[in-house]
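S.K.: These are the residues of each chain, in order.
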Amino acid sequence: MSHGKIAIIGIGEVPTRIMPERTRWDILYDVCMEAIKDSGLHKNDIEGVITTAPQAQPVIASELSFGKLPEELGLKGCKDNCICNAGGAGTSNCLRLAEQYITSGVAKAVLIPHVTVHSDIPIEDTINFFARAGVDMQWEYPFGSTYNLIMGLMANRFMHESGCTPEEMASVVTALRSWAAKDPNSLFYGKEVPTVEKVLSSSMLNTPLHKRESNMLADGGSAMIVVSAEDAKKMGRPAAYKLGESVRYFSGTPVVRDIRVVQEGLRITAEEALSQAGITKEDINLWNCYLAYPLGHPMMAEMLGVAPKGEGGKYFLDGRMSFGGDIPWSTIGDAPGRGHTGSGVSAATYVETARQLMGKAGERQVKNCRYVYQNTSGGSGFNNIATIWGGQL
Amino acid sequence: MDMTKPIPLTQPWTEAFWEGTKHRKLLIQHCRDCNSNIFYPRKFCPECWSENLDWIQASGKGTVHSFSTAYDMVEPRFMEDLPYTLAYVDLDEGIRMATRIVDCEPEEIEIGKRVEVTFHKLNDDFYLPYFKLI
Ligand SMILES: [Zn+2]
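Chains as they are written, first to last, in this note's numbering: chain A, 4 to 396; chain B, 4 to 137.
Hints in this document: simulated from the structure, not taken from any laboratory.
No experiment lies behind these values; they were computed from the predicted model shown.
You may find that some hints are simply not true.
[Said to hold, decoys possible] Stretches of chain B that chain A covers, calculated by requiring three or more beta carbons in the stretch to come under 8 Å of a beta carbon on chain A: (1) 29-39; (2) 70-81; (3) 100-106.
C-beta: ideal position from N, C-alpha, C; glycine also.
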């Protein structure tokens with residue numbers, strides 16, 4: 004018996020593209036209006052707005068923090084507004100806070116939007132942001148650390164311990180892009196899916212990370228409408244009910260983050276979230292994992308028990324997590340498949356979780372999708388938040 | 004664009020560490036109450052919250068825990084250093100630091116290899132503890 008308290012009843016999204024011609028507010032109008040229409044509610048039913056903090060975009064972040072969105076959209080019933088920042092885990096906190104708004108009586112319906120436009124940020128600013136985000140300014144940054152290098156250090160250690168090969172690592176990109184090619188909201192929709200050979204023949208950014216194993220920055224936005232589980236049930240519309248959650252904090256500074264502690268955290272949070280939802284991993288129809296980079300996926304598959312220890316990479320190479328494979332996995336293709344929209348990829352992953360449970364995922368629809376595991380993580384991996392969602396309470 | 008190398012953003016309780024590097028000494032913060040070796044240095048011991056903190060001099064020897072050699076996509080101010088290898092080194096005193104492995108071909112670096120400290124001058128106030136293969 005689960006104790007789900009909230010449900011997502013409406014979603015809106017713009018395709019992730021490189022679109023400097025669209026302003027952030029232009030995108031916000033579209034995603035918010037689409038999500039509200041999708042929920043069947045009236046705009047004035049929205050009583051709370053909790054936005055995922057956009058990264059590296061100080062003007063919009065401050066406008067959203069200080070309450071411009073409800074006024075801009077004419078949400079006449081709005082009672083309060085704020086933004087949540089925990090990097091890629093920001094949206095998870097928006098959902099938690101939405102639950103607090105709802106259970107405490109602040110709001111009956113909460114709008115959770117996100118927008119990121121990378122393409123009008125000067126390239127130096129973007130490089131500088133990603134060099135400094137989630138690394139220590141005293142003990143790492145002066146040595147020439149970057150986000151890519153942090154991922155490289157983690158991946159090299161994992162490959163050393165697990166025996167995972169470069170071919171297996173590269174096959175994660177193939178798997179993620181196979182989903183992206185079928186996703187109209189992806190930057191790579193309809194595009195050729197790169198083979199393992201093609202990934203490995205791309206230039207080396209930093210060992211073991213090839214160019215095609217990193218992310219392309221893009222622009223995008225999404226929004227969700229959240230109400231109480233009870234109200235969602237009464238409305239009788241397709242919904243995604245939050246059934247379980249568990250989280251562990253690791254460290255803010257990558258060098259003090261031990262890979263074994265992270266691995267145990269990935270394992271235990273899944274176990275606890277499943278137990279809270281009253282189901283087992285065999286009940287999960289979709290593993291909707293968010294790791295921002297492809298290199299973490301084999302480790303994740305092993306820690307979730309989806310693949311046996313030492314075989315996470317092999318499962319990807321065998322195509323089992325690809326579109327058409329037997330293990331539906333990250334059906335928007337995570338950041339490598341979707342295009343990197345900063346803190347927006349995890350927001351988009353929640354939208355996809357809801358879309359799959361609502362049966363609206365088109366070509367990517369997972370058959371009889373009843374339960375979804377979804378995780379998020381913030382910064383350079385300071386935590387892991389595991390959640391379980393179901394199509395019914 | 005600022006092309007100067009970034010200097011460590013220090014705290015009052017980390018200044019002794021950087022002062023040590025100027026004298027080619029690798030100092031590790033040590034808690035006299037619970038006997039922990041601490042990295043990175045804190046205002047209070049993160050294990051027991053004691054303020055009875057001291058410094059010990061490390062042997063300067065350690066083992067490569069992991070590494071990644073950069074060839075591209077670093078900040079403009081680090082471009083001139085390419086290729087360079089960032090590493091996590093486990094010191095014999097039981098702490099792990101981020102550093103660079105220098106004075107060798109990137110292909111020679113492997114997880115588990117033994118390394119020793121070598122100090123790289125950033126400016127008159129800061130020497131970064133890098134490591135080289137033994
Ligand atoms: Zn102590």
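S.K.: All hints are to be evaluated individually against the structure, with a verdict given for each.
M.R.: The hints, checked one at a time:
With 0 residues bearing a CB less than 8 Å from a CB of chain A, the segment 29-39 of chain B misses the requirement of three and the coverage assertion fails. Coverage of a stretch by a chain is defined here by at least three residues with a beta carbon nearer than 8 Å to that chain's beta carbons; for the segment 70-81 of chain B and chain A the count is 11, and the condition holds. Counting residues of the segment 100-106 of chain B whose beta-carbon sits less than 8 Å from any beta-carbon of chain A gives 4, enough to reach three: the coverage restraint holds.
When each numbered hint is compared with the structure, a violation occurs for hint 1 only.
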